[in-house]
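Asker: As a plain string of letters, each chain reads:
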Amino acid sequence: MSVDRQQVEATIRDLLAGYNKDGVELTPETDIAADLNIDSADVLNFVMEVEDAFDVDISLNELSDVRTIAQLVDLVAERVGA
Amino acid sequence: MVDLLEKYRAAKERHDLLASIGVDAVGLVNDRILSPTRAIIGGREIILAGTNNYMGVTFEPECIRAGQKAMEEFGTGTTGSRIANGTYSLHGQMERALAEFMGRRHCMVFSTGFQANLGMIAGLCGPDDTIFIDADSHASIFDGCRLSGAKVVLFRHNDPDHLAKRLARHDPGKGGRLVILEGIYSMLGDTAPLRDFVALKREHDFQLLVDEAHSFGVLGEKGRGLAEREGVEEDVDFIVGTFSKSLGGIGGYAVSDHPDFEVLRYTARPYMFTAAPAPASIAAALCALKIIREQPERRAWLRTLSERLHAGLKAEGFTLGVDEISPVVAVICPDEKAAVAMWNGLLQAGVYVNLALPPGTPNKLSLMRCSVSAAHTEEEVDAVIAAFVAVRRQLVEQGLWPRE
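First to last, the protein sequences are chains A and B.
To convert, count from 1 in the first sequence and add 272; that's the working numbering.
To convert, count from 1 in the second sequence and add 1; that's the working numbering.
The reader is advised that the hints may include incorrect statements.
[What the hints assert, rightly or not] Derived DMTMM-like pairs (lysine to aspartate or glutamate); straight-line CA-CA distance at most 25 angstroms:
hint	chain 1	residue 1	chain 2	residue 2
1	B	Lys166	A	Glu297
2	B	Lys365	A	Asp286
3	B	Lys365	A	Asp314
4	B	Lys8	A	Glu297
These aren't lab readings, by the way, just hints derived from the structure by calculation.
With the hints as extra help, turn the sequences into a complete structure.
Answerer: Written out as structure tokens, the structure is:
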């Protein structure tokens with residue numbers, strides 16, 4: 273799959289919109305769980321959507337190091353070779 | 002430096018708010034237990050309809066006597082782990098009886114069901130391995146995975162196609178792969194489509210562990226669980242279960258035909274470094290196993306009552322978690338506030354069920370989780386249904402529950 277980092281970030285922001293019920297403004301530094309007030313179960317649902325969108329696996333272990341949108345974009349971008 | 006408990010402020014505020022509505026659901030005390038289906042709570046006799054006491058064996062005179070006898074003969078506790086001074090003849094008897102019941106060569110008994118999952122998962126898997134788990138897995142499965150240090154990949158609940166996709170794009174490298182499923186999922190009472198999952202073994206290499214905590218005693222002709230009912234026991238490499246539901250005690254177990262299974266006795270830390278289960282506990286569970294084996298009519302009666310509760314609530318217009326019949330019957334509440342009000346109302350009306358709220362539930366559902374026991378009577382099941390109807394009527398009047 274050939275995608276660039278911007279596309280990765282755009283897709284992640286799109287997917288995150290469904291979980292951003294309070295309409296928090298998203299920046300690269302947004303803490304996905306804490307700032308958006310998403311519970312642990314929904315974090316996992318969101319990550320599964322990201323995995324399916326990019327056809328990659330993000331293990332729970334890798335996820336434990338990810339807090340912000342920028343970190344998730346880095347991880348996915350690296351995985352898809354963007 | 003921040004106070005260590007500060008991180009729980011939001012959780013505490015939510016708990017305090019919910020508890021202020023009525024009785025604190027997570028702090029509920031049974032003052033006395035009268036039978037598998039009755040207790041004294043807050044000075045009143047309550048019908049217990051959320052105990053996971055599927056086979057209703059907790060007050061079997063024979064099991065109580067067996068526990069008393071074991072306590073007299075072996076003492077109150079083991080004061081040591083299985084690999085030191087804590088293994089008594091009783092533990093071996095229980096392991097042989099369970100292995101025989103489950104039709105397996107090997108069995109290990111753990112101190113709790115939670116530890117059985119921790120011990121098995123962290124014992125089987127290490128940092129080079131990958132574990133594929135259902136997104137709705139029990140906390141003990143998530144924690145066992147974390148403890149193992151293995152790579153953990155989630156697939157959507159009960160979705161074999163999603164797992165197949167994950168297996169296909171995953172490179173096992175130099176490690177092994179373990180897939181973990183549950184027989185009956187505890188919150189909604191749905192079973193895993195086990196035959197479809199097992200079929201994936203033809204195309205993908207992995208070993209399979211099934212947690213039959215809620216299905217042991219309940220499903221299958223002999224009561225071995227979902228793998229027996231689906232006729233796929235040979236394809237399930239490891240089965241984990243618990244004493245604390247159908248066996249009415251406390252403890253856990255794992256069974257397998259794997260020739261090297263016994264190696265886990267000196268490699269699985271949650272087995273090695275905790276005290277062995279108390280003698281009375283093992284003897285009572287051993288007796289309960291005998292009852293499950295000798296009285297298959299309990300399973301049939303449980304099924305009858307489960308159908309009765311399921312159909313009764315449905316006929317009254319309640320929305321249930323799943324259409325599938327199992328002893329777990331989950332009523333979906335409109336929201337968290339309605340759930341807490343319904344739970345308090347039911348307790349007032351003399352019925353205890355489990356209040357189950359997100360994130361401990363799938364799909365953010367707020368649930369009244371009922372579980373049926375073979376010790377229930379039809380009258381008790383009808384009383385539970387009547388209580389649901391009566392409390393809903395109150396909640397509709399208060400504007401807490403939508404009018405039908």
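Asker: For each hint, tell me whether it holds in the structure or not.
Answerer: Checked hints:
1. B/Lys166 x A/Glu297: violated, 34 angstroms
2. B/Lys365 x A/Asp286: holds, 21 angstroms
3. B/Lys365 x A/Asp314: The hint holds at about 8 angstroms.
4. B/Lys8 x A/Glu297: Distance of about 23 angstroms is within 25 angstroms: holds.
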